[in-house]
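Protein chains: 2
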Amino acid sequence: MKKSHLEELSTIFENDGILHQQEDMIAYSYDASHIEKTPEAVVFATSTDQICKLMQFAYREDIPVTPRGQGSGLSGGSVPIEKGIVLVLDRMRKMLDFDPENRLITVEAGMTTSDIDPIVASADLFYPPDPGSVTFSTIGGNIAENAGGLRGLKYGVTKDYVKMLKVVLPKGDIVTIGSKCVKHVAGFNLEPIFVGSEGLLGIITEVTLALLPIPKHRESALVVFNTLNDAAQCVSDIIAYGVTPSTMEFMDKTTINAVQNFKDCNLPRDAEAVLLIETDGEKNSAIGEMKNIKKAAEKNSFRSFSLAGNTKERDLLFEGRRIALNALANVKPNLILEDATVVRSKLPDMVRGICEIATKYNLMVGIFGHAGDGNLHPTFLIDKNDTDEMKRTEKAVKELFRLAIDLEGTISGEHGIGLEKKPFLEDQIGSAGIQLLCDIKRTFDPKNLLNPGKMFDFPNSTSN
Amino acid sequence: MKKSHLEELSTIFENDGILHQQEDMIAYSYDASHIEKTPEAVVFATSTDQICKLMQFAYREDIPVTPRGQGSGLSGGSVPIEKGIVLVLDRMRKMLDFDPENRLITVEAGMTTSDIDPIVASADLFYPPDPGSVTFSTIGGNIAENAGGLRGLKYGVTKDYVKMLKVVLPKGDIVTIGSKCVKHVAGFNLEPIFVGSEGLLGIITEVTLALLPIPKHRESALVVFNTLNDAAQCVSDIIAYGVTPSTMEFMDKTTINAVQNFKDCNLPRDAEAVLLIETDGEKNSAIGEMKNIKKAAEKNSFRSFSLAGNTKERDLLFEGRRIALNALANVKPNLILEDATVVRSKLPDMVRGICEIATKYNLMVGIFGHAGDGNLHPTFLIDKNDTDEMKRTEKAVKELFRLAIDLEGTISGEHGIGLEKKPFLEDQIGSAGIQLLCDIKRTFDPKNLLNPGKMFDFPNSTSN
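Chains V and R supply the protein sequences, listed in that same order.
Using the numbering used here, the final residue of the first sequence is 778, and nothing's skipped along the way.
Using the numbering used here, the final residue of the second sequence is 778, and nothing's skipped along the way.
No wet-lab data here; the hints were simulated from the structure.
Accuracy of the hints is not assured; some may be wrong.
Since copy identity is lost for identical chains, a pair holds within one copy or between any two.
To be verified - Only pairs whose alpha carbons sit at most 27 Å apart, straight line, appear in this in silico DSS-like list of lysine-lysine:
(1) 597 - 530
(2) 605 - 468
(3) 530 - 609
(4) 609 - 597
(5) 530 - 613
(6) 567 - 709
(7) 712 - 367
(8) 674 - 567
(9) 530 - 468
(10) 761 - 485
(11) 608 - 597
(12) 605 - 567
(13) 577 - 567
Go ahead and model the full structure; you've got the sequences and the hints to work with.
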């Protein structure tokens, strides 16, 4: 990067807000995906005003800017693939306003998502979306990726809780969009377009989120099945009984055994699949829902149904699910984690299809995930040094995406497109869909400087 | 309209799908607002394909097109202010797919919204948004206006239920956006931008909506107050108790008396205000919530609290609320109905402010509306032939919008901007906000031919 550019950045961010030595760049060259690219400079914003100045500068000088929270994304969203500047937001972590009467909180975008609950718990409120990264990812990153999590079926995802956003647009304009009101129809509905925009349309600096009352009671159960199909069918049947569990997680035999090898969580090693289910709300209501869940399990030749008798038992159950990915990572040197998603009724087809693909390409696969909302995480367990296995994995992933699309599902339920799934987006949304995305990107960012190279190829982009 | 244009339209829509005689135009020149303009032709679509051809034709020939459902909008959204063609969608009313397993229904956009519930009730499901016009407005119109209704507090508004849309873009391209999946992050979140876009960005032809299980039990109560402030404060206190009623409607003394003059609904004529509250869910849970509501009422010197003992009593209570607008329309020759909205905690300030404005301009006002979500309907009762009163009303409305904005609220909670509130939108969202709307409109509709003249002034528009 030119000396004059670094000087201008130093003026905006002062000395402790900028890094540009080659060795410092490495930590900002990757996220939780498998892609790396080192930036030319890294800046640490502490105010919306600094970000406004940064974008005015970047636009004048034609320098790409890639926003970054904690770099925990799974699709390459914060990797500076076109080099330029990485803008880190995690120093902007202030709580700006807590408004319990209206069940709202306003925070800076760099706040860690799990830091919200301790603040709002004082008023018996909570923030429902809980992606796996909730204890380290930033709320701004969650919004940019429209993060999901374990409670999607009952409580929805990040986009369902975003009320207002302060955004710095690519050319440096600052806009506040949305409203604190439950109902607001003045102008186009713009805040949702920034949710899940993967940092391509603007830099989110402040957010107002909706909160819900903490449920008074929870019931948790582990249901064990002898066949994958019974477990998947049980999910559909539970919904058909009119029950909406707050959590309904699935783990297959490979995942169960990986977990048990990692830590004993009392999971049955010989079961083909388990469902980990939670209902919440008023005590009678949560208990009543759990009774219906047992009925659905009985319909699908379940092997056992055990209620967690106390918090300790409950925590142990959920720990098994929470450590699943780390446990699978211990089985083979590498893993490819996907998030292809279908509607619930197609879960049996999806699970069957994943197993067939794994068999066809002679790959080891662990399947776990959010069965309640059809969002599974098929995880191929591989060794990247095994070239032949890598080739087979690539083919298997392609076939997996095709399967999800054929089942009217989506290639990404919660991880985003970024770089990892960019080659497959057109299969999902068609060329007219890609055209629409390009048109919108051009409207906000005609020079394609904000997080360039992601999601789709922008015409006349410097992207190769 | 030129003969050759009419001939081309006749080719697309056949003889029974087009009107162009002057006398036929009148019925398509107005909606439920106070603005009229006659179109040059009216066409009745029966397929997405016809609409695609219409837009290709309109774009080639530079003819404005204004989409219309049942013309029940309250802000002028379907009035063809730039003349041209009115496109009526109410012949597209087919149910395309009911998918109870995934709690989804797909219908054509011209279906009347209340026609959805009888279809889905067979699987114990319902479609929650219930605008006042639910029995005659189309679901496409509801989506274009992001319609609200009585259940917003607990169940949200139209945008919270739109999963997928088939849309004909202004130049004639057909796109399908969104996903049936609970989680979907492949590409920008585009469907919400069409929800509430008031027919400016595309023509919605098919919609997939999320459904919820019908609550097993309801509790309904009428709470009577001696002061407006007590009623408004009670709303905030109910929420503070962690209760989320499914309905919490407010009526002031003027409205109560107008209703009682219209039909005896057992409302107390001498009360300053009443709240009509409903809780729903599992029986114990709904009853428990209602107990907390009574506690909040006691805190605010309520005069009486009466539970509906049976369906008949409940229906009578709700009838009083449902006929409120018609009842107020009987008090004076005309009325100006507004939907300025604030966050719940600001309701006491808002109610006080409305009364002060009415006093200042010597106007009669009835206040009713959805107190639970801060969405009141202050309704000025006037005689349009009284020039002085009209002038005072205009000033009062302007001051009302200012009050809503000053209280961090919105000039429109559920009726939309259209023509009625267009002069006030910049006060709400600022010039940067207007610029963003123009940029997005230009992206979709560079010639400004789809519903031109609405919401904001488009630069180089033919709008005067």
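Note to self: Going through the numbered hints above, which ones does this structure break? Give me the numbers in ascending order.
What the structure shows: The structure conflicts with hint 7 only, although it agrees with all the remaining ones.
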